[in-house]
Each structure stands twice: as C-alpha cells, then as structure tokens.
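Sequence order for the protein chains is A and B.
Once you know that position 44 of the first sequence is 44 in this note's numbering, the rest is easy, because the numbers rise by one and skip nothing.
Once you know that position 208 of the second sequence is 208 in this note's numbering, the rest is easy, because the numbers rise by one and skip nothing.
Incorrect hints may have been included.
Claimed, not checked - Covered stretches of chain A (chain B as the covering partner; in silico rule of three or more C-beta atoms under 8 Å from a C-beta of chain B):
#1 6-12
#2 27-33
Said to hold, decoys possible - So the derived label-pair ranges between C-beta atoms look like this:
#3 R111(B) - L12(A): 24 to 30 Å
#4 T28(A) - G214(B): 25 to 31 Å
#5 P115(B) - R15(A): 28 to 34 Å
Calculated from the structure, these hints are not laboratory results.
The beta carbon of each residue, even a glycine, is placed where N, CA and C say it ideally should be.
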Amino acid sequence: MSRKPSGLRAWLWQRLTAVYLALFLVTTAAALWLHPVTGFADWQARLAGPWTGAAAGLFGLALALHAWVGMRDVILDYVHRLWLRVLLLAAVAAVLAGSLFWMLAALLPAGLTGGS
Amino acid sequence: MKFSIQRFNPETDARPYMQDYELADDRLRDDMMLLDALLLLKAQDESLSFRRSCGEGVCGSDGMNINGRNGLACITPLARLARPVVLRPLPGLPVIRDLVVDMAPFYRQYRDIEPYLINGEPVPEVERLQSPAQRAELDGLYECILCACCTTFCPSFWWNPDRFLGPAALLQAWRFLADNRDLATERRLDHLEGPYRLFRCHSIMNCVEVCPKGLNPTRAIGRIKELMLKQSL
Numbered sequence: 001m002s003r004k005p006s007g008l009r010a011w012l013w014q015r016l017t018a019v020y021l022a023l024f025l026v027t028t029a030a031a032l033w034l035h036p037v038t039g040f041a042d043w044q045a046r047l048a049g050p051w052t053g054a055a056a057g058l059f060g061l062a063l064a065l066h067a068w069v070g071m072r073d074v075i076l077d078y079v080h081r082l083w084l085r086v087l088l089l090a091a092v093a094a095v096l097a098g099s100l101f102w103m104l105a106a107l108l109p110a111g112l113t114g115g116s
Numbered sequence: 001m002k003f004s005i006q007r008f009n010p011e012t013d014a015r016p017y018m019q020d021y022e023l024a025d026d027r028l029r030d031d032m033m034l035l036d037a038l039l040l041l042k043a044q045d046e047s048l049s050f051r052r053s054c055g056e057g058v059c060g061s062d063g064m065n066i067n068g069r070n071g072l073a074c075i076t077p078l079a080r081l082a083r084p085v086v087l088r089p090l091p092g093l094p095v096i097r098d099l100v101v102d103m104a105p106f107y108r109q110y111r112d113i114e115p116y117l118i119n120g121e122p123v124p125e126v127e128r129l130q131s132p133a134q135r136a137e138l139d140g141l142y143e144c145i146l147c148a149c150c151t152t153f154c155p156s157f158w159w160n161p162d163r164f165l166g167p168a169a170l171l172q173a174w175r176f177l178a179d180n181r182d183l184a185t186e187r188r189l190d191h192l193e194g195p196y197r198l199f200r201c202h203s204i205m206n207c208v209e210v211c212p213k214g215l216n217p218t219r220a221i222g223r224i225k226e227l228m229l230k231q232s233l
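All chains, please: the whole structure from these sequences, using the hints.
Below, the structure written as structure tokens:
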C-alpha cells in the first residue's frame, strides 16, 4: 500500500512516544521516591550511567517528537494562511530541535566525565 | 413557554438575529416534542422556516442546535428543555433561511468516501450472502440517517470543513471497510490517508454526545486507523 506522509505516521509516532513518556515518568518518579537525589553531584552521577543517560536522552527525543506532532496538529487546525503556517512550523521545529540539542549537550558531558 | 429562534432571510437581512416567540401554556401537552411546538409557532408566524418530514427520528430532516446542542426536534421532548428554548441552525453549514442550512458540503463529504459496495468480481447468480457474524459487523454503522448532527457539532469540522471528512462520512467509510462483500479496502484506505481527511479527528467525541441514533463515530474512526496500521505493517 502506498502511504503518503504525515497522516498515519504522525498518529503512530504520537502514540508510541506517549507510551515511552508515560513509562519513563512513572519509572523515574518511583526511582526518585525510593532513592531521593542528594544534590547536583548525585544528579550528575546518575545521568552518567549508560542506561540512565540513554533513557534520559531517549526521553528528550520522544518528548520533542510528541510535542512536534501535537503542535503540528494545533497549527494545521487553527492556522490556515500558508505563509503563517510555514513560519510557525519552522519556529516550533527550531525551538524543539534547540531544546533537544541543549538537553543532549548537558547529558553528554555527564556521560563523558563519568559523573566526576 | 418562551422560545428564542435565530432568523435570517438572505433577501432582506444583512445578518442573522434572534427573535422571541411565546406559546401559551394551555397549548402545551406533557408528551409534546420540540417539533410539535415549532409547528404551532409556524402557525403563528408563517415566515418561520425549518425542515421536517417523518416526525419520528428516521428521516433526519429536522436537525438543529437546541439550547447549544445539536439534535432532532422531532424526538426531543419539550418538557426536558431549559427555558427559554434557544434554537439555531446546525453550526458550520451555510444558512439558507432561519433554521434551514445548505447540506451540500455535508453530502459532498459523504460522496467522497464512495458510499456503496465496490466489488469487481463477476456478479453471482444469487445474492452475496453474509454469515451472521459478518452481518453483525455492520451493526452500529448502517443505522446512520445522515442528519448531520454529529458532523456539524465537531470542532475539527468547524476548523477544516473543506478538508476533514467529518464523523458521519467517516462512520460510513468504516461501514464499507467493515463489509466483507466490499473489495476496495486498499483504495478506501489510500484515499483516507494524509493529514486531513481522517487524521484531523482528535477524539473530542462531540459526535458521540449528540448522535440521535446513539451511534459512535469515534469508535469507527479508531477502527479505520487500526486497519490502516495493520495494512501498512
């Protein structure tokens, strides 16, 4: 079956990322409740672990994807002028991509330095 | 009993306005439907326009916005309505006059989903029979009377009336996808793909809330998405 872009695919990504976001948030909340964070160094040490770092990075990616589909839906619903729609979509993409890179840039040094 | 009804005559009015009407209590009965009251008001003021036909919730002609919710006047008990009863035409469709709307955009969406069985196989000598289970798949779908109450109460339809097909047409799209005698599944799904025709539905469920036949277009739309996903894997 030939599939044109951005109908089914966007819908599917929104649901897949929602499942991951929910799992991550519940797991993280439980972990923080069982083992409360003692300070900045503790945060850094936890995120330096390969699994926690990867899980946090994936969370950022899933959040950006989920937000992109949601914001795209809002813009497609409400904004009907093409130039304004393109402008807003570009702005949303820039903000989300910038935020994601910022998050990854914060996570990577923690991993590289091994939390020290 | 007081009524406030939206009036609009394109030949004389620049914009719609609300007009108050009153029915004397001695003319009301406990078992009256809203349509009965409208017919009495029509006798008072012959210029008041609305559609009606069967009077039994079967033809779907008298869909209107009743106290902020879409419904059929003929099966809406008058006694249950808050007063004054505020009546407006179905939202989101062009108004022809008073409570009469132009249904052409709605029927255009219906035509768009090819609402008929598509089966290229040679015509058999007897009917194409279905098992009871296959027939049961159509329950909750074929009963739609195309009154447009659901589609015109759907915010996604208000936002993109020319591109989103709306709950009534999508319910019918699933009615034919679910029918084992129809062989155009790929073609139907391909037509529905894209960001607008099907995927503008955000499961707001206004359609389910107001359907006078108690149908569930949101569930049907979900089944289309599931089938589309299965077919694409």
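Status of the hints after comparison with the structure:
1. Counting residues of the segment 6-12 of chain A whose CB lies closer than 8 Å to any CB of chain B gives 6, which reaches the minimum of 3, so the coverage claim holds.
2. Check on the segment 27-33 of chain A: 0 of its residues sit with their Cβ under 8 Å from a Cβ of chain B, so the three-residue criterion for coverage is violated.
3. Between R111(B) and L12(A) the beta carbon distance is about 29 Å. The supplied range of 24 to 30 Å therefore holds.
4. The given range of 25 to 31 Å is broken by T28(A) and G214(B), whose C-beta atoms sit roughly 43 Å from each other.
5. Evaluation of the 28 to 34 Å hint for P115(B) and R15(A) yields a pass: the beta carbon distance comes to about 29 Å.
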